[in-house]
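Protein chains: 2
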Amino acid sequence: MENKNIGIIAGYGEFPLIYINELKSAGYSVKVCAIEEEADRALASHTDKIIYISVGQLGKLVNFFRSEGVSEVIMAGKVRKTLMFKKIKPDIKAITLFLSLKDKKDDTILNAICNFLEKEGITVVPQTKYISSVFLPSGVATKRSPNKKEKEDIEFGRNAAMLIAGADIGQTAVVKDKSVMALEAIEGTDETIIRGGKLADGGATVVKVNKPKQDLRFDIPAVGLDTLEAIISVNSACLAFERNTIVLRKEEFIKKADSAGITVYVF
Amino acid sequence: MENKNIGIIAGYGEFPLIYINELKSAGYSVKVCAIEEEADRALASHTDKIIYISVGQLGKLVNFFRSEGVSEVIMAGKVRKTLMFKKIKPDIKAITLFLSLKDKKDDTILNAICNFLEKEGITVVPQTKYISSVFLPSGVATKRSPNKKEKEDIEFGRNAAMLIAGADIGQTAVVKDKSVMALEAIEGTDETIIRGGKLADGGATVVKVNKPKQDLRFDIPAVGLDTLEAIISVNSACLAFERNTIVLRKEEFIKKADSAGITVYVF
Chain A
4 MENKNIGIIA GYGEFPLIYI NELKSAGYSV KVCAIEEEAD RALASHTDKI IYISVGQLGK
64 LVNFFRSEGV SEVIMAGKVR KTLMFKKIKP DIKAITLFLS LKDKKDDTIL NAICNFLEKE
124 GITVVPQTKY ISSVFLPSGV ATKRSPNKKE KEDIEFGRNA AMLIAGADIG QTAVVKDKSV
184 MALEAIEGTD ETIIRGGKLA DGGATVVKVN KPKQDLRFDI PAVGLDTLEA IISVNSACLA
244 FERNTIVLRK EEFIKKADSA GITVYVF
Chain B
4 MENKNIGIIA GYGEFPLIYI NELKSAGYSV KVCAIEEEAD RALASHTDKI IYISVGQLGK
64 LVNFFRSEGV SEVIMAGKVR KTLMFKKIKP DIKAITLFLS LKDKKDDTIL NAICNFLEKE
124 GITVVPQTKY ISSVFLPSGV ATKRSPNKKE KEDIEFGRNA AMLIAGADIG QTAVVKDKSV
184 MALEAIEGTD ETIIRGGKLA DGGATVVKVN KPKQDLRFDI PAVGLDTLEA IISVNSACLA
244 FERNTIVLRK EEFIKKADSA GITVYVF
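Quick mapping for you: the protein sequence lines, in order, are chains A and B. Residue numbers for the first sequence follow our numbering, beginning at 4 and rising by one. Residue numbers for the second sequence follow our numbering, beginning at 4 and rising by one.
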């Protein structure tokens with residue numbers, strides 16, 4: 004196999020590192036454009052080439068990938084949208100793109116970025132293209148199964164989460180006794196879990212769904228050890244998500260859920 | 004006019020007091036059943052007769068109104084649903100009612116309570132029956148008008164808020180630049196405003212809607228000086244709500260909004 008160049012746009016969390024290691028062990032040469040405000044500093048020691056850019060520095064991003072001969076990139080890891088409302092110092096390309104948006108929904112922004120890169124000769128491929136071991140099969144993944152109440156709450160929470168996912172507002176609902184404790188907007192999943200879990204005063208169920216038209220190039224829902232820690236911190240007992248959700252460090256994840264007595268259910 | 008007995012079930016905030024004073028000056032004899040965890044202690048000095056009950060003490064509530072010869076009651080002021088997940092010590096009547104519910108949505112619970120009281124000979128009448136001066140007409144209510152961006156955010160936020168109001172999850176959305184900063188679930192309007200306003204880092208628009216099938220006996224959305232204070236605390240600039248929203252201390256409310264440079268828009 005030729006040593007093919009693949010680019011990673013690296014956001015928050017462990018997913019970029021997991022992806023980079025997977026690609027490297029498959030023989031690819033990995034060039035990383037890391038988002039300064041989000042990316043793990045440890046990435047540097049795992050990559051063939053890395054640069055750091057700030058959110059909004061699209062010109063620098065394009066120049067880097069071009070000069071490295073990268074024509075295929077993967078977006079891995081979250082970029083908190085709250086950054087956009089605070090620190091962003093967009094370059095001219097980003098400003099032009101930003102002004103062309105019809106709204107500031109996640110999908111609108113990310114789609115526009117992908118289209119922009121495509122025009123510059125850089126294709127954003129599905130996050131799942133080179134990695135398939137990150138999903139769990141449908142059903143109960145843990146020793147503990149959902150009880151009758153939790154099953155009802157999963158169904159109830161799924162409907163609530165689908166409402167907001169359909170409108171591209173958020174993807175997570177926290178439910179207890181068929182009452183919605185918290186819905187996610189821009190604050191992120193962990194904050195939603197903690198807020199809702201506290202209001203429920205224990206025993207809440209966390210439900211995370213895909214968007215109805217999930218674009219596989221970006222923003223596939225992900226859960227990981229952080230998600231479990233948030234759940235444990237507020238004495239919630241049940242986590243349910245769609246099959247098409249990335250589970251980071253799958254084995255450790257299940258082990259941790261089991262040792263904390265948490266149900267993980269995949270629908 | 005005969006000195007007719009009217010009952011008030013008093014929850015949180017100023018609305019019960021405003022209502023009681025209105026009724027008294029119209030010559031009614033007002034008997035108040037105050038929710039211990041919520042009601043303003045100052046109510047006592049404004050009423051002909053008052054008792055305090057804890058959330059879930061339905062038997063005590065019925066006995067009180069019966070012994071006072073009250074057959075018509077008004078629910079005034081919020082009862083935080085979070086209480087239900089924490090402190091409730093329901094009596095036998097409340098337990099029976101609670102077990103009969105198909106879910107724990109606000110409307111489901113409050114409807115069941117109204118039906119239960121009806122069977123006991125106590126009618127819950129619309130909150131608006133004896134008070135009509137609490138609404139604002141459609142349009143801009145303040146010196147400052149919404150600018151173009153805010154108009155778009157009002158429309159955007161209205162759609163987002165209607166999604167959750169339709170599912171009886173919450174009634175408030177906080178929006179900036181056509182992106183949803185926060186959606187209300189069980190935490191209440193003020194917390195939603197503060198969370199979303201902080202994430203927006205200033206300049207957010209708060210939109211509050213009625214439920215599509217708003218029951219006038221309970222839970223009519225209300226705004227007041229507290230709402231404005233929450234908005235001011237996070238440097239938001241625009242508040243929009245449906246015409247059918249109770250505005251507490253209307254004159255002071257507009258005055259305060261004007262002096263803080265906030266737009267109030269009624270749709």
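Don't take every hint at face value.
Because identical chains share one entry, a pair is satisfied inside a single copy or across any pair of copies.
Here are the simulated SDA-like pairs of lysine to any residue, each with C-alpha atoms no more than 20 Å apart in a straight line [unchecked claim]: (1) K201 to R83; (2) K27 to G206; (3) K107 to N150; (4) K201 to L86; (5) K181 to S103; (6) K92 to S148; (7) K105 to M87.
Since the hints were derived computationally from the structure, they do not count as laboratory data. If you're wondering where the values come from, they're calculated on a predicted model, not measured in any experiment.
Hint check:
1. Only between protomers do K201 and R83 lie at most 20 Å apart by alpha-carbon distance; the minimum there is 14 Å, versus 23 Å within a single protomer.
2. For the identical chains of this complex, K27 and G206 are neighbours neither inside a copy (42 Å) nor across copies (45 Å), given an alpha-carbon limit of 20 Å.
3. With identical chains, the CA atoms of K107 and N150 are at most 20 Å apart between copies only, with a shortest distance of 18 Å across copies and 39 Å within one.
4. Proximity of K201 to L86 under the C-alpha cut-off of 20 Å is restricted to the inter-copy arrangement: shortest distance 12 Å between copies versus 26 Å within a copy.
5. In this assembly of identical chains, the alpha carbons of K181 and S103 lie at most 20 Å apart only when taken from different copies (13 Å versus 41 Å within one copy).
6. In this assembly of identical chains, K92 and S148 lie within 20 Å of each other by CA distance neither inside one copy nor across copies; the values are 48 Å within and 30 Å between.
7. Within a single copy, K105 and M87 get their C-alpha atoms as close as 16 Å, which meets the 20 Å cut-off; across copies the closest is 42 Å, which misses it.
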